[in-house]
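S.K.: Listed below are the residues making up each chain.
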Amino acid sequence: MMIKNTNMRWRLPLICFVWEIAMIVLFGVFVRYNDEADPHWPEYMKKNNLTLDIENDFYFRYPSFQDVHVMIFVGFGFLMTFLQRYGFGGVGFNFLMASFGIQWAILMQGWFHTFYEGKIHIGVESLINADFCVGSVAIAFGGLLGTISPVQLMLMTLFQVTLFAVNEWILLDILHVVDAGGSMTIHTFGAYFGLTVSWILNRPKLARNNDKEGSAYNSDLFSMIGTLFLWMYWPSFNSAISNHGDAQLRAVINTYLSLAASVLTTFAISSAVNKKGKIEMVFIQNATLAGGVAMGTAAEMMVTPYGSVIVGFCVGIVSTLGFKYLTPLLAKIRLHDTCGIHNLHGMPGIIGGIVGAVTAACASEGVYGAEGLKKFFKFEGEYANRTPSMQGGYQAAGICVSLAFAFVGGTLVGCFLKLPFWGDPTDENCFDDAVYWEVPDEEEEVGNHYATTDAAKQV
Amino acid sequence: MMIKNTNMRWRLPLICFVWEIAMIVLFGVFVRYNDEADPHWPEYMKKNNLTLDIENDFYFRYPSFQDVHVMIFVGFGFLMTFLQRYGFGGVGFNFLMASFGIQWAILMQGWFHTFYEGKIHIGVESLINADFCVGSVAIAFGGLLGTISPVQLMLMTLFQVTLFAVNEWILLDILHVVDAGGSMTIHTFGAYFGLTVSWILNRPKLARNNDKEGSAYNSDLFSMIGTLFLWMYWPSFNSAISNHGDAQLRAVINTYLSLAASVLTTFAISSAVNKKGKIEMVFIQNATLAGGVAMGTAAEMMVTPYGSVIVGFCVGIVSTLGFKYLTPLLAKIRLHDTCGIHNLHGMPGIIGGIVGAVTAACASEGVYGAEGLKKFFKFEGEYANRTPSMQGGYQAAGICVSLAFAFVGGTLVGCFLKLPFWGDPTDENCFDDAVYWEVPDEEEEVGNHYATTDAAKQV
Amino acid sequence: MMIKNTNMRWRLPLICFVWEIAMIVLFGVFVRYNDEADPHWPEYMKKNNLTLDIENDFYFRYPSFQDVHVMIFVGFGFLMTFLQRYGFGGVGFNFLMASFGIQWAILMQGWFHTFYEGKIHIGVESLINADFCVGSVAIAFGGLLGTISPVQLMLMTLFQVTLFAVNEWILLDILHVVDAGGSMTIHTFGAYFGLTVSWILNRPKLARNNDKEGSAYNSDLFSMIGTLFLWMYWPSFNSAISNHGDAQLRAVINTYLSLAASVLTTFAISSAVNKKGKIEMVFIQNATLAGGVAMGTAAEMMVTPYGSVIVGFCVGIVSTLGFKYLTPLLAKIRLHDTCGIHNLHGMPGIIGGIVGAVTAACASEGVYGAEGLKKFFKFEGEYANRTPSMQGGYQAAGICVSLAFAFVGGTLVGCFLKLPFWGDPTDENCFDDAVYWEVPDEEEEVGNHYATTDAAKQV
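Residue numbers (my numbering), protein chains in the order written: chain A, 1 to 459; chain B, 1 to 459; chain C, 1 to 459.
Derived from the structure by calculation, the hints contain no laboratory data. Quick caveat, the model's predicted, so the values are computed rather than measured. Take these hints with a grain of salt, some might be off.
In this list, chains with the same sequence are indistinguishable; a pair is considered to hold if it fits within one copy or across any two.
[What the hints assert, rightly or not] Only pairs whose alpha carbons sit at most 30 Å apart, straight line, appear in this in silico DSBU-like list of lysine-lysine: (1) K276 with K324; (2) K4 with K275; (3) K119 with K375; (4) K374 with K47; (5) K276 with K4; (6) K212 with K276; (7) K278 with K4; (8) K418 with K278; (9) K278 with K212; (10) K275 with K212; (11) K46 with K374.
Only chain A is shown next, with the shape it has when bound in the complex (with noise of 0.2 Å):
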């Protein structure tokens, strides 16, 4: 066997650099603030009729921007460190790859939605939508968590997010969905490119039942840290870019509705499937959220109380079983998803693309009323004579094109990270920290001190 040179020494910094000063340029040349962060903003106030300054968007949207803020890096970040030995790696390269997408995806999504006069201009939403981004890169990076190096990572998040871009853009802008929350542009996209990459980076010899491919006692609450932020500030996931006034309001209540049916079923599933009747905690750190996800389009639609409930309670049981039953079978035609987002992430994200074409579909202006119907749907200028049951198809038209463009785009950039200068770890040496990180070796020590000192103290 061919022994893989895993020093980063000169690959990681080197990326690093390349990609931060490619920023720094980029920046120079493209980036502004918007109408709302310049300090003409007293001159914008008057122009626009606006009468306070806490009309300004950021008041409207910074505390929802935070808690997503907190989901990409604490939520993801912690999530990842379930596994024994990878808790420097979970934790700390989502944070690496998270900083750099963000401002990758400044760029990307500002050229499709924020340009003009030949400058990007952002404002908080731009903020909120490049952690959206990014969160798709952290979905993918679940998939593929302990197996690649940093420097692949770094190499993918610049390829996926610009993919994430045009593939939102096409949604957005060429079908004209609505998708808030991002069942499909955020969860299924990112499932299915991460599960795209694995598939063609695979490592058959990788047994799934690796002894390092498992949680400790303590890995598994640090990854309920992770698991309940996520779970908690789903709701300002799916609302933080929802128009402003009772379609936030909406898109919370719906998601927070979702979220709590879903743990419902998580635990019942969980218990049901086990021989002893006892609880896997890595359902329940994962198979609780499937309801956000699911809720991902249609959340500030009028998807009812109840309506959210049942999608919660199907999705988790949906995530549980495949958790239970299907990663053991995709691990088998080798195809290894660490994270299982298949369960969490991709199965659910359709579910959630096609809650959200149904409940288009039904959509009616006895429901939204006359005015917000239109006003809900955008169905304006060239959209003016849409309908809600052609809303509904364009709304899964955009789950085949984000399918699409994960798979075409997860083969060229698998087949790219699977050139052998990446630094990827060897099979013996995947979800071990050892390999990219100082790891201390004084805790046992320092542990074994204290155990004989106080066992003499006793005797």
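Following the hints, position chains B and C against chain A.
M.R.: The following block gives chains B and C in isolation, referenced to the frame of chain A:
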């Protein structure tokens, strides 16, 4: 000794499914969005002379809601991870309980407070109130931690939420008292309900010095995550449903000051009652929060900044002394209280109720302004003739009603939970995750690997 | 060697009670609610032509306040849990210190800034400023972590908060500088104050390579909780007391970008300076935050998005190199700095001050607008004739004043803390929780118990 069957395989899934399907049916029949979450919001604005989207209650309360949400799930959840081998149960069962509880609370509180035209209308305040209600169950669970099965917990949640809603309705609608942070409805009721259940379920042979009923170094740090998020966000808890404007800000200031003061007296007493002057982590984890509990009724009143500091000063002392001397005493009369809820929520809750009653009785037009006084205590309609001193009396009555509900309700529910088929653990298996959870046994192997190496080195 | 008495039994309770009773008296004499927290708020609204409750400053600043609050208690607290056996001390003493510090800061800052009619009037901004002030003590504590007693910490807090308030008053009111995120007042002052105290208290025999002064696997993960909450909420820190509207949003954008950039250069340098290219966790835990520190003065100015990225890029490098090369060097000249505050707060703080001075000096009416420029820098009243370039000079003077306060104040306070009766630990007992805390000794036994069982099984 009869070996109890703790296998949850059929019982837990059954109860989860039954409870959740009931939720779906009841939500379908009863729950709708309120005006602020409905797409007809623009029309509602016109009708009510609102000019800006930002006047939607969502923007007044959503940041506080999210803080409360964190307190319930991460705060209470991680606070209960202090036991060395019951971390999964602490954070996991709290997660399960709260997810069901909030759904049932939305229904129960909805029927009492926002039911009209045959429907419950929910908005952002409904979500906060549901979280509050579940907080009282989390408190009761704290007293029983490690000694009950998840099935018992689910049953208890159903009944306790029901009783909570009735008690709350009597206090707020019949007695017309102020209790925005729930010193009476949440803390006093929750603590004494939990203690009564614990008394009924008593386990005479459960030694207080059970080996497993202690903390470990890392479990104490996990628990501090819970403590700190509770402590930091308590100002949001006590102000979340206060009147817009000054009342919310005042509640924040008072709670902030009271909490800060209780930290100092907790450290002081903790050191003073230890032979070597050493601080005990369990006191810091809990008694530092008493300042928030004791401000639950009076926070939005004119309790004054120094009044808040005095209250925090006193309850920090009372709570710490309770942990040191009262809990062991209660254990002797066979009242087991795992987390010391009597010290953190029971006594400080009653003190909070009394502080509220006294502050209300002392209210005057000089301090609140003539309009302010009427507006604050809602001395309108049938309550138009109420005076501050009368209000003080009603506030005091609220404490008594809450206690009565706790004792009577706790007795009934305790007797029901004592039935032998709910799968509670034997005394030997209390405080052990291995009963209900798949606990990873990899940890120790890795530990062993290291430990062995180290041991070898040291020999 | 004289054995020092580290028993806190009388000293710690005494100082806590004296400090807190003093707070009660002073709050009683001086502290009242400001107009926005007083029940006469409706009358205040009328007088000031405010029409909506949401114009209460509470709604502009409370979400940011809560983020800052989390940074002080969880952020700094958990960041300091990285030592393998000083986690209780890190998070616990920070909790104690900050709880006292915020009370004393409300008084000190109140006398300087919101004192009229014989009273201090407090509102939401007072709470934020108090948290800021305590942040500077947390920084200084970081330099001394593990080497001082809680009594010394309480004494230091009293003096440092006092000095902070005077220094802040000179900068903001005499020099009239901008420093909303505190590069000068919080970071530069806090770091060099702490380093000066550490220098005075020096422990010549405290080897840099003390066994206990290292991290363990789990303690590094706990520390990452602190890092991430500081990192995520830093945009709120730098914008919390900015002007309403565009300034708050701009401060958020700039800080967000600077932080993202510093993560990349921290990872890059960390890998580059390691022989095997491995990343060191301590660099990631700290240097990634330098981007926030260095934006503390300029965040709300027109530093431009790419300017922010450049600043973050540079300080990430400077800070990481500091951790690698400067801290060991300082240790040789007997300047002990447990958390490396010189690298995270000292140098980046000075850089932040310089960036602020340069950005201010370059301000022009073209960029800010004529009105905007006057409004932003408050060129009014006695400062009406100040020009941007003059402002730059005053900003630079602010750095020098902060450094002077740090060195002189630190020397005096250090000498006072050197007195032999404050109970500081011997060199052997530094970085060990067992000196001041009841440390559970069950952990290892249980660990052992399980390990033995497992070993037995496997044999």
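S.K.: Would you list, in rising numerical order, the hints stated earlier that this structure does not obey?
M.R.: The structure conflicts with no hint, since it agrees with every one listed earlier.
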